[in-house]
Structures are given as structure tokens and as C-alpha cells.
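Quick note on the numbering used here: the sequence shown kicks off at 16 and runs consecutively.
There's no promise every hint is true.
[What the hints assert, rightly or not] Listed below are the simulated BS3-like cross-link pairs for lysine-lysine, each with C-alpha atoms no more than 27 Å apart in a straight line:
hint: 1; residue 1: Lys-84; residue 2: Lys-22
hint: 2; residue 1: Lys-118; residue 2: Lys-81
hint: 3; residue 1: Lys-22; residue 2: Lys-81
hint: 4; residue 1: Lys-31; residue 2: Lys-124
hint: 5; residue 1: Lys-124; residue 2: Lys-80
hint: 6; residue 1: Lys-31; residue 2: Lys-118
hint: 7; residue 1: Lys-124; residue 2: Lys-81
hint: 8; residue 1: Lys-22; residue 2: Lys-80
hint: 9; residue 1: Lys-118; residue 2: Lys-22
hint: 10; residue 1: Lys-84; residue 2: Lys-124
hint: 11; residue 1: Lys-22; residue 2: Lys-124
[As the list claims (entries may be wrong)] DEER-style ranges, computed between Cβ atoms:
hint: 12; residue 1: Ile-123; residue 2: Arg-95; range: 20 to 28 Å
hint: 13; residue 1: Glu-26; residue 2: Arg-105; range: 15 to 23 Å
hint: 14; residue 1: Thr-27; residue 2: Cys-104; range: 30 to 38 Å
hint: 15; residue 1: Lys-124; residue 2: Lys-22; range: 14 to 22 Å
hint: 16; residue 1: Thr-42; residue 2: Arg-105; range: 38 to 46 Å
hint: 17; residue 1: Thr-76; residue 2: Ser-55; range: 17 to 25 Å
hint: 18; residue 1: Asp-114; residue 2: Gln-94; range: 36 to 44 Å
hint: 19; residue 1: Ser-67; residue 2: Cys-104; range: 27 to 35 Å
hint: 20; residue 1: Lys-80; residue 2: Gln-102; range: 23 to 31 Å
hint: 21; residue 1: Tyr-70; residue 2: Gln-115; range: 15 to 23 Å
hint: 22; residue 1: Leu-30; residue 2: Gly-113; range: 15 to 23 Å
hint: 23; residue 1: Ser-55; residue 2: Ile-123; range: 40 to 48 Å
hint: 24; residue 1: Thr-76; residue 2: Ser-41; range: 30 to 38 Å
Keep in mind that the hints were calculated from the coordinates and are not lab data.
Note that the Cβ used here is the ideal one computed from N, Cα and C, for glycine as well.
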Amino acid sequence: MRHWAEKVACETLQLKGLQLIDHNFSTALGEIDLIMRDGSTLVFIEVRQRRSAAYGLAEETIGQKKQEKIRRVANQFLQRDSKGYDQQCRFDVFAVNGDQTEKTIRWIKSAF
Numbered sequence: 016m017r018h019w020a021e022k023v024a025c026e027t028l029q030l031k032g033l034q035l036i037d038h039n040f041s042t043a044l045g046e047i048d049l050i051m052r053d054g055s056t057l058v059f060i061e062v063r064q065r066r067s068a069a070y071g072l073a074e075e076t077i078g079q080k081k082q083e084k085i086r087r088v089a090n091q092f093l094q095r096d097s098k099g100y101d102q103q104c105r106f107d108v109f110a111v112n113g114d115q116t117e118k119t120i121r122w123i124k125s126a127f
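All chains, please: the whole structure from these sequences, using the hints.
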């Protein structure tokens with residue numbers, strides 16, 4: 016994992032029963048931070064971190080363009096590496112507000 020917030024997200028979600036499939040999946044179109052399985056659902060997770068809420072919360076930083084980019088990259092993952100997964104997919108956001116010593120986390124299922 017490239018960023019401490021991604022590690023926090025992965026560990027937290029694994030404790031909640033999700034299974035890590037891939038991390039930092041990258042194509043020419045962009046990257047998906049975490050790809051996990053929640054039962055039979057494939058979950059594409061964007062991890063966002065903000066040290067301060069002065070300019071908004073981490074979860075508020077994912078605009079329409081970013082959502083579309085994540086969908087396109089997810090499509091490429093499914094075309095390349097579906098491995099027989101049930102094609103039910105979900106797009107989640109894992110937001111970390113604060114720093115490594117003092118933080119709040121929010122997991123938003125089906126964020127977009």
C-alpha cells in the first residue's frame with residue numbers, strides 16, 4: 016500500500032470480513048486503491064485522506080470526474096481479471112479525516 020490511509024482502510028475492512036483481491040490496481044486510465052470481495056460482491060474502494068477539514072472532509076473530494084474514472088478502471092479490471100467473480104459490483108469510499116495519531120474514519124458503502 017502506498018499510503019498509510021490505504022493500510023488503515025484495508026486492515027479495517029478485513030476486520031469487517033472483506034477479502035483483499037488487489038491494491039493500487041493501475042491502468043493507463045487511472046488507479047483503484049483497493050479491490051476487495053464482500054461475500055459475492057466485488058468492491059472497488061477509493062481511499063481518501065484529509066489532515067484538516069478546513070476545506071471539506073475527505074469523503075467530499077470525490078467528484079463526478081473521479082467517479083467516472085474509477086468506473087472505467089473497474090471495467091478494465093473486470094475485463095482482464097474477472098476470475099469467475101459474480102459480476103455484482105459496488106463502489107465504496109473509505110474516508111480518513113485527521114492524521115495517523117488522531118483520526119476519524121468513515122466507510123461509505125455504495126457511495127456512487
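Outcome of the hint check:
1. With a C-alpha separation of about 22 Å, the suggested pair Lys-84 and Lys-22 falls inside the 27 Å cut-off, and the hint holds.
2. Using a Cα cut-off of 27 Å, the hinted pair Lys-118 and Lys-81 holds, with the two alpha carbons roughly 24 Å apart.
3. Restraint check: the Cα-Cα separation between Lys-22 and Lys-81 comes to about 21 Å, which is no more than 27 Å; the hinted pair holds.
4. Simply put, Lys-31 and Lys-124 have alpha-carbon atoms about 13 Å apart, close enough for the 27 Å limit, and the pair holds.
5. The hinted pair formed by Lys-124 and Lys-80 meets the criterion: a straight-line CA distance of about 19 Å does not exceed 27 Å.
6. Between Lys-31 and Lys-118 the CA atoms are separated by roughly 19 Å; this keeps the pair inside 27 Å, and the hint holds.
7. With a C-alpha separation of about 17 Å, the suggested pairing of Lys-124 with Lys-81 holds against the 27 Å cut-off.
8. Our distance criterion of 27 Å between C-alpha atoms is met by Lys-22 and Lys-80, whose separation comes to about 25 Å.
9. Between Lys-118 and Lys-22 the alpha-carbon distance is near 14 Å, which keeps this suggested pair within the 27 Å criterion.
10. For the given pair, Lys-84 sits about 18 Å from Lys-124 by alpha-carbon distance, which is consistent with the 27 Å threshold.
11. Of the supplied pair hints, the one linking Lys-22 and Lys-124 holds, its CA atoms being roughly 18 Å apart against a limit of 27 Å.
12. A beta carbon spacing of about 26 Å between Ile-123 and Arg-95 agrees with the range 20 to 28 Å that was offered as a hint.
13. Range check, Glu-26 to Arg-105: Cβ separation about 20 Å, and the 15 to 23 Å hint holds.
14. In this structure the hint that Thr-27 and Cys-104 lie 30 to 38 Å apart at CB is violated, the actual value being about 20 Å.
15. Lys-124 and Lys-22 have their C-beta atoms about 20 Å apart, which keeps the hinted 14 to 22 Å range intact.
16. For the pair Thr-42 and Arg-105, the beta carbons lie near 20 Å from each other, so the given range of 38 to 46 Å is not met.
17. Between Thr-76 and Ser-55 the CB atoms are about 30 Å apart, so this pair departs from the stated range of 17 to 25 Å.
18. For Asp-114 and Gln-94, the hinted distance range of 36 to 44 Å is satisfied, since their beta carbons lie about 38 Å from each other.
19. Checked against the given bound of 27 to 35 Å, the beta carbons of Ser-67 and Cys-104, roughly 33 Å apart, stay inside it.
20. A beta carbon spacing of about 25 Å between Lys-80 and Gln-102 agrees with the range 23 to 31 Å that was offered as a hint.
21. For the hinted restraint 15 to 23 Å between Tyr-70 and Gln-115, the CB-CB distance of approximately 20 Å keeps it satisfied.
22. Judged by the Cβ atoms, the range 15 to 23 Å given for Leu-30 and Gly-113 holds: they are separated by roughly 19 Å.
23. Take Ser-55 and Ile-123: their Cβ atoms lie about 20 Å apart, and the range 40 to 48 Å is violated.
24. For Thr-76 and Ser-41, the Cβ-Cβ distance of about 20 Å falls outside the hinted range of 30 to 38 Å, so the restraint is violated.
In summary, the numbered hints that this structure violates are 14, 16, 17, 23 and 24.
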